[in-house]
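Trainee: Each chain is listed here by its residues.
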Amino acid sequence: MRMNKSQHGFSLLELLVASSIGLTVILVMTSLFKTGMDATMKVTQRAETQQNLRAAVQLMTKDISLAGGGIPSGGLQLSSAGVSKFGCNQAGTCYVTGGTYPNSATGSPNYMYAIEPGFGTGVQNAAVITAAPGQTNSSITSVYCDYNFPLSNFTFAIPAAGTSATVGVINAAITPNNILAPGGLQVGDLILFTVSTPGNGKSASGTSLVQNAAVVAEVTGIPSNTALTFATGDALNFNFATGTNNLAAVASAAAGAGAQTSACRLQVVTYFLQVPVAGGTVQTPRLMRQVNGLNAVPVADNIINLQFTYDVIDSTTGTVVANQQNPIGAGESPSLIQKVNLWVMGTSLTTDGNRAQNMYLATAVSTRDMSFCNSYSSSTTACQ
Amino acid sequence: MMQKKISKAQAGKRDRENGFSLIEVMIAIVVMSVGILAVIASFATAVAATQSAEEDLIARQKVLEAMESIYTARNSQQIPFAAVANVSNGGIFVDGAQPLLCAGADGLVGTGDDVACKTQAGANCPDGGAECMVLPGNDGILGTADDVTMSLGNFSRTIAINTVLYPAGSPNAGQVNPNMMAITITISYTKAGLPARSFTANGLISSYH
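One line per chain: the protein sequences are A and B, in this order.
Position 60 of the first sequence, counted from 1, bears residue number 60 in the working numbering, the numbering being contiguous throughout.
Here the working numbering = 1-based position in the second sequence + 1000.
Hints are not guaranteed to be accurate.
What the hints assert, rightly or not - Within a straight-line C-alpha distance of at most 25 angstroms, the following computed SDA-like cross-link-like pairs (lysine to any residue) qualify:
#1 A:K85 with A:I222
#2 A:K34 with B:N1138
#3 A:K42 with B:I1036
#4 A:K34 with B:L1037
#5 B:K1191 with B:S1156
#6 A:K34 with A:T24
#7 B:K1191 with A:K85
#8 A:K85 with A:A257
#9 A:K42 with B:A1160
#10 A:K34 with B:F1043
#11 A:K34 with B:S1151
#12 A:K42 with B:L1194
#13 B:K1191 with B:N1162
#14 A:K42 with B:T1050
These are computed hints drawn from the structure, not numbers from a lab.
My request is simple: use the sequences and hints to build the entire structure.
Mentor: Dropping the structure here:
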């Protein structure tokens, strides 16, 4: 009897109690699991947004802080024969609305400043950003000499016609000694040619260089690793046979006694937002980086707002005016920009239901090369 | 007797073969739950750490921003080098922890002329004007009624500028170097449920540029 009873197993009551306790435990575990999943979702969204913002800010910070390196502080005078453009690729697509260098009047030379503020031109084709309609977006263009590609390793002979250049290697032992080396020149790259002659009479030795001519030319062809072509009608409108500041002027200046020609590859880097459309579907906006006359490449996804303000020296009062959105006007010039303040807003592509995580990142960058003053080469103490 | 003994022994054997009792199972579940809860608690700590990652990123950027503005002011010569000091030492940078107000006319943060920040739409920022930005709300669209304002009112910024001595071995060893200052910028923030965190950057600034 006893034996049989012990084999009866649980009673119904016992089973009910046990299963209800088990169910409660499972329910609690499930809700904890759900909380955990929600948290994971949120963390993924945040990580994604932060990563995009970090990429956007770090890249822009680097390019903006280099602005003005190797170019004259007042900006480079471009040809008077036409209006040069930035933010365009070789196929004729211009990413930035009104992307021309500021010029004072038609027919007069326009200036390539170290920073081209693009107030209100921050979205390609003025597309609407669904997540932030009605907000001002701005583009920014930073110009500097690219010292990573040592063009100083080459000599350049420019014929009088000024549409090509023969490239010679100064020291074959130094690599890269080939303009076609990886990371070398491409069609659409911009080269700044500067011709200088020794002696300005300022110092007794008279060895300091005087700049005679400077021109920015766009590479339109690379027939071989010893030749470059600068044909007119280039995508960015830099190469002209007439007017001031063209290659022919550099060629004639370079023919002068003791003249030295130096060259550097310019980096004209433009940042703007793009709202890509794929197969008729509007996708989320992204931050694009475009260099010289090359195609733009995306650098950060889901950037929904891009804004800049500038701390600029007002040349009429001589004081700093902070937080100017568009520093072109009375007393203000892009060449007098001292600090760039930037705001980037990002959203997460991953949505938890309908909830995206949004955040913003703001920072300021000093344009060191634009405010730099070499007090050692100056005979005056203006820098002190 | 014999029979009984055997049956008793058998019965005992059967008892042991019956498996866990309900009490045993419940105790096991309680023990398990305690273990799982401990794991979940550590998970919560991990989530909390990730949540502060956003503030960490902002704090790091704010430190760099303040540092940049000082170097800019030096480079553009808008302030004399002597002004690169705390107010208590005759300079322009306010001593102690300050809220993250926006730069005034001088473009420098942490100075007496700092102003309350405004949103893009021109509204005053909450928390006494500490930097803020309006972000899209649940609908994911900026400019609608459910927009949320992200305020940096829980942040504080300390700019400490100290003198630097000439290094040992130099002709003026031990004396104050008049052409160099040491800048220490600390951004701290508090967040509910988390200990206060701070980011510090140190930099040297010389009068030469």
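Trainee: Are the hints correct? Go through all of them and say.
Mentor: These are the hints, each one checked on the structure:
no., hint, result
1, A:K85 with A:I222, "holds (21 angstroms)"
2, A:K34 with B:N1138, "holds (20 angstroms)"
3, A:K42 with B:I1036, "holds (22 angstroms)"
4, A:K34 with B:L1037, "holds (15 angstroms)"
5, B:K1191 with B:S1156, "holds (12 angstroms)"
6, A:K34 with A:T24, "holds (15 angstroms)"
7, B:K1191 with A:K85, "violated (48 angstroms)"
8, A:K85 with A:A257, "violated (34 angstroms)"
9, A:K42 with B:A1160, "violated (37 angstroms)"
10, A:K34 with B:F1043, "holds (13 angstroms)"
11, A:K34 with B:S1151, "violated (30 angstroms)"
12, A:K42 with B:L1194, "holds (18 angstroms)"
13, B:K1191 with B:N1162, "violated (30 angstroms)"
14, A:K42 with B:T1050, "holds (10 angstroms)"
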